[in-house]
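For reference, the chains in residue letters:
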Amino acid sequence: MPKGAFRYLIKHEIIAEMGRIRQGKWIWFYAVFILLLAGASVAVWGYDENYDPSYFLFTAYMFPFMIFGFAVRTLKREWNGGTSGWWLTLPYSRVLLLGAKAIAAFVQIVACMVVYFAIVMLLGVYSRIMFGARVTSISGLFDLEAQLFAVLLGIVPLMLVIGLLIVAVRRSRMKWLVPLLWIVMGVGGNLSGWMMTGGGGLIIAGTEKELALISYPPSLWIWIVPVWAVAALLFAATVRVCNKHLQA
Amino acid sequence: MNDTANVAIRAEDVCKSYGSRQAIRNLNMAVPAHSVTAILGPNGAGKSTLMRMITGMETPDTGTFSVLGRKPSWELNRWIAYLPDRAQWYSHHMVEHALEWARTLQPGFNEMRARDLMVTLDLDASMKVEGMSKGEEARLMLALCLARDVPLLVLDEPFSGIDMISRERIVAALIDSFSEREQTVLISTHEIAETESLFDYAVFVDKGVAVLAGDVERMRAERGSLQQVYRQLYG
Numbered sequence: 001m002p003k004g005a006f007r008y009l010i011k012h013e014i015i016a017e018m019g020r021i022r023q024g025k026w027i028w029f030y031a032v033f034i035l036l037l038a039g040a041s042v043a044v045w046g047y048d049e050n051y052d053p054s055y056f057l058f059t060a061y062m063f064p065f066m067i068f069g070f071a072v073r074t075l076k077r078e079w080n081g082g083t084s085g086w087w088l089t090l091p092y093s094r095v096l097l098l099g100a101k102a103i104a105a106f107v108q109i110v111a112c113m114v115v116y117f118a119i120v121m122l123l124g125v126y127s128r129i130m131f132g133a134r135v136t137s138i139s140g141l142f143d144l145e146a147q148l149f150a151v152l153l154g155i156v157p158l159m160l161v162i163g164l165l166i167v168a169v170r171r172s173r174m175k176w177l178v179p180l181l182w183i184v185m186g187v188g189g190n191l192s193g194w195m196m197t198g199g200g201g202l203i204i205a206g207t208e209k210e211l212a213l214i215s216y217p218p219s220l221w222i223w224i225v226p227v228w229a230v231a232a233l234l235f236a237a238t239v240r241v242c243n244k245h246l247q248a
Numbered sequence: 001m002n003d004t005a006n007v008a009i010r011a012e013d014v015c016k017s018y019g020s021r022q023a024i025r026n027l028n029m030a031v032p033a034h035s036v037t038a039i040l041g042p043n044g045a046g047k048s049t050l051m052r053m054i055t056g057m058e059t060p061d062t063g064t065f066s067v068l069g070r071k072p073s074w075e076l077n078r079w080i081a082y083l084p085d086r087a088q089w090y091s092h093h094m095v096e097h098a099l100e101w102a103r104t105l106q107p108g109f110n111e112m113r114a115r116d117l118m119v120t121l122d123l124d125a126s127m128k129v130e131g132m133s134k135g136e137e138a139r140l141m142l143a144l145c146l147a148r149d150v151p152l153l154v155l156d157e158p159f160s161g162i163d164m165i166s167r168e169r170i171v172a173a174l175i176d177s178f179s180e181r182e183q184t185v186l187i188s189t190h191e192i193a194e195t196e197s198l199f200d201y202a203v204f205v206d207k208g209v210a211v212l213a214g215d216v217e218r219m220r221a222e223r224g225s226l227q228q229v230y231r232q233l234y235g
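Heads up: the sequence lines are chains Z and W, in that order.
For the first sequence, the numbering used here assigns the number 1 to the initial residue and increments by one for each residue that follows.
For the second sequence, the numbering used here assigns the number 1 to the initial residue and increments by one for each residue that follows.
Worth flagging that the hints you see were computed from the coordinates, not collected in a lab.
Computed from a prediction, not measured in an experiment: that's the story for all the values here.
Glycine included, C-beta positions come from ideal geometry on N, C-alpha and C.
Hints may be right or wrong, so weigh each one.
Per label pair, the in silico range of CB-to-CB distance [as the list claims (entries may be wrong)]: (1) Glu-130(W) - Val-32(Z): 47 to 57 Å; (2) Arg-20(Z) - Ser-225(W): 44 to 54 Å; (3) Arg-103(W) - Val-32(Z): 33 to 43 Å; (4) Asn-28(W) - Tyr-61(Z): 50 to 60 Å; (5) Ile-21(Z) - Arg-231(W): 51 to 61 Å; (6) Phe-65(Z) - Ala-125(W): 38 to 48 Å.
Partner residues are not named here, just some residues of chain W that face chain Z (Cβ under 7 Å, in silico) [stated by the list, open to error]: (7) Thr-55; (8) Met-57; (9) Trp-74; (10) Asn-77; (11) Tyr-82; (12) Pro-84; (13) Ala-87; (14) Gln-88; (15) His-92; (16) Leu-105.
Capping the alpha-carbon separation at 20 Å, the derived lysine to aspartate or glutamate pairs in EDC-like fashion look like this [to be verified]: (17) Lys-11(Z) - Glu-100(W); (18) Lys-128(W) - Glu-78(Z); (19) Lys-76(Z) - Asp-85(W); (20) Lys-11(Z) - Glu-96(W); (21) Lys-244(Z) - Glu-75(W); (22) Lys-134(W) - Glu-78(Z); (23) Lys-76(Z) - Glu-75(W); (24) Lys-244(Z) - Asp-61(W); (25) Lys-128(W) - Glu-17(Z).
Isolated chain W (complex conformation) (with noise of 0.2 Å):
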């Protein structure tokens, strides 16, 4: 995948320390654009700083790491919906100022979308976010994300620690939106078996390191299902 319109996310030789601790060591890889692709791995893999490094929270040591084509910085996050992990909600707010908040502050977001989101997410406008359970808050952070009409969607994690029927309402919001938009859409996650449907493109990531890469239909027909593979892998 040598073709920068087809690749939305580049990595080449990327390595971030903490300390003495390496989060990413050498990390090559290229995400498809337009394809949903899951990045998985176990706990500490290096997920979540990959996730953090494509909005520019944080900068690699060494390597070269592209985002639609662009070096990572706040003026590229006007084209990229992040969710981030373990993330919350600003709990003075109810959904209607969560709204008021996307509106006004992040370029691209549709109000119209967002409300029929909300709508299918079973949630109110008039609802508190403190208050709201951790699904529902979940929810409605899922919502804000998935109402923006920009490149690139990138979810780290939505469906920690939610219970099984938000986590069922989410995937299917996620299907409704990915069918309906050409985005990339870039997903970390631990719930493989009912994630798996989504994917186009997978990366396993461990210790830092991309350890396998590739389109997820192959992938099947060589190795079995993406829960499979991840046994293989990590079991």
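Pulled out of the complex, with its shape left as it was, chain Z reads as follows (with noise of 0.2 Å):
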């Protein structure tokens, strides 16, 4: 393999996404509308006496759901733009032609969580300024968003997987497995919600003495290697699926 092209491989689907969000001016629109109902949402419902910057850290449901379209996206963009021809006959295993595809989406969905973590910390501090002790703490803030940040890395790589897979059966002779596979990643979903509320024993506290209880229960942690696995044998799948199955 020559120098770098792994890396290469990389920066080029990263290229293509941000190529993507270039051209898309509809992403700044939602992303302007939505920054725009955050500082609203503060302004207004701020004054409510159970208000809490945390509870916006439940809109974090969304990033399995985000990393699987992102997953999807990267493969599929190889046949709707007809450049698969090329990338399947590049001389590297599937295994890293796939991989640079996983870990582009993984880099794009960390770089996304980053901005949203902060953005919640930035309307956390407005919060605390304009609020007082009412609402969370700086540090309890932290303290949470920390916690949902590594429950999250733990969870993408199975949504991310997931979403390969689909992609990749959709385009072979298994395309039969496909409506399995949807099903497979509604379970998925699930599963990242469930683990997301520390296996239902976390709830997000609107006031700083429970937020200060507020901790994932040690055996959620333990949850995440079998979730690995299992993305590891999905990916070992997709592997498979590519190298021996494509349908032209």
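Reconstruct the complex from the two isolated chains, following the hints.
Take a look at the structure:
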């Protein structure tokens, strides 16, 4: 393998995605709309006694589904863009080719998560300035964000690989498996939600006192091991489909 | 042609099916090394399936298939420059990015040669792929293939949907390229009249079977031009 080819493949994927974002003006429209909505929510809802900026973290449920979407798009692009012939005949193993796409999608989701948590933190700081000790402290919010970030890092590989597998199977002679894989994706999404609430044991509370008690149960971190093992198996299945079963 | 060194691609009783449709049936052929070989036949004859088998994108259901003396695989693709059928280039690239892509990912890519070809084919490094005409995009992809110093060049329908001027430019570039290097070249095309002068060897395929194969000069002497042979076989 020429020096830097794998790194180049990852860069190539990220640049393709950035180009899409630059061209899709509607993405910026949504970004501005959501930010305005969040700002307006704090301004209006903040005066309610039960308001707390940590509630915004419920929207983190989108990330497992976002990574699924990124994975679908990164692979589907090769066929939709007419470049699958170039990509599939590169003199590198399917593990490397798919691995580069997976890493690129992972880098993108991590970047999105960092931006997201930074925005929630800014809303938290603003809320603290505006409403005082009634809302979660900065350190409490940071602690909660750090835990949620770690749980998301544990979950996203599974949803990422399900996305890759669905596209590969859709382009193979095993198309009949696609409905089953959508069910797997649904289960993965639910599992993600379950893990993000600490197996049902985590309640994002509204007061500093309650938040101080919030911590993901240690058993949750053990769950990440089988989740990654399943992700690895599904990745191996994706490689196998791309090696043996793709259809013209 | 039993000598492995003289045969670039060999198929023995190769079959390939997609569900109930047999794309290739008992295909037997031997493409001579260092020749420019035409793979000819009507739509659905199995030409593209054959091309994809060479690059390991398809595997035969039965039979023996070898390329450069080995079983097709991703490893072998480092020795093959392949222009896929109905291919497009990455729309977010400029020509310069395409050169970087090939330089980084394609073993044997000769950048100097690619830049010369770009000039010959009237392409500028600052051109964006998005916004290129179909002919310009085809010329870019062909230049990237021709610039590789590899023993096997496989071009699947390089002229499909391209205007006459672009076709002429491409044929001229091919003639220059083939005269300079000792490569085995395989081209599948429907544009027989314009490309006939390129070929040393021809394989006519119909419904997945090689119905006629041989030296083009001999075919011409015995049966007329390739276009006439095509009409005799499929007309």
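How the hints compare with the structure:
no.: 1; hint: Glu-130(W) - Val-32(Z): 47 to 57 Å; result: violated (26 Å)
no.: 2; hint: Arg-20(Z) - Ser-225(W): 44 to 54 Å; result: holds (48 Å)
no.: 3; hint: Arg-103(W) - Val-32(Z): 33 to 43 Å; result: holds (39 Å)
no.: 4; hint: Asn-28(W) - Tyr-61(Z): 50 to 60 Å; result: holds (59 Å)
no.: 5; hint: Ile-21(Z) - Arg-231(W): 51 to 61 Å; result: holds (53 Å)
no.: 6; hint: Phe-65(Z) - Ala-125(W): 38 to 48 Å; result: holds (40 Å)
no.: 7; hint: Thr-55; result: holds (4 Å)
no.: 8; hint: Met-57; result: holds (5 Å)
no.: 9; hint: Trp-74; result: holds (6 Å)
no.: 10; hint: Asn-77; result: holds (4 Å)
no.: 11; hint: Tyr-82; result: holds (5 Å)
no.: 12; hint: Pro-84; result: holds (3 Å)
no.: 13; hint: Ala-87; result: holds (5 Å)
no.: 14; hint: Gln-88; result: holds (3 Å)
no.: 15; hint: His-92; result: holds (4 Å)
no.: 16; hint: Leu-105; result: holds (6 Å)
no.: 17; hint: Lys-11(Z) - Glu-100(W); result: holds (12 Å)
no.: 18; hint: Lys-128(W) - Glu-78(Z); result: holds (18 Å)
no.: 19; hint: Lys-76(Z) - Asp-85(W); result: holds (18 Å)
no.: 20; hint: Lys-11(Z) - Glu-96(W); result: holds (15 Å)
no.: 21; hint: Lys-244(Z) - Glu-75(W); result: holds (15 Å)
no.: 22; hint: Lys-134(W) - Glu-78(Z); result: holds (18 Å)
no.: 23; hint: Lys-76(Z) - Glu-75(W); result: violated (24 Å)
no.: 24; hint: Lys-244(Z) - Asp-61(W); result: holds (11 Å)
no.: 25; hint: Lys-128(W) - Glu-17(Z); result: holds (17 Å)
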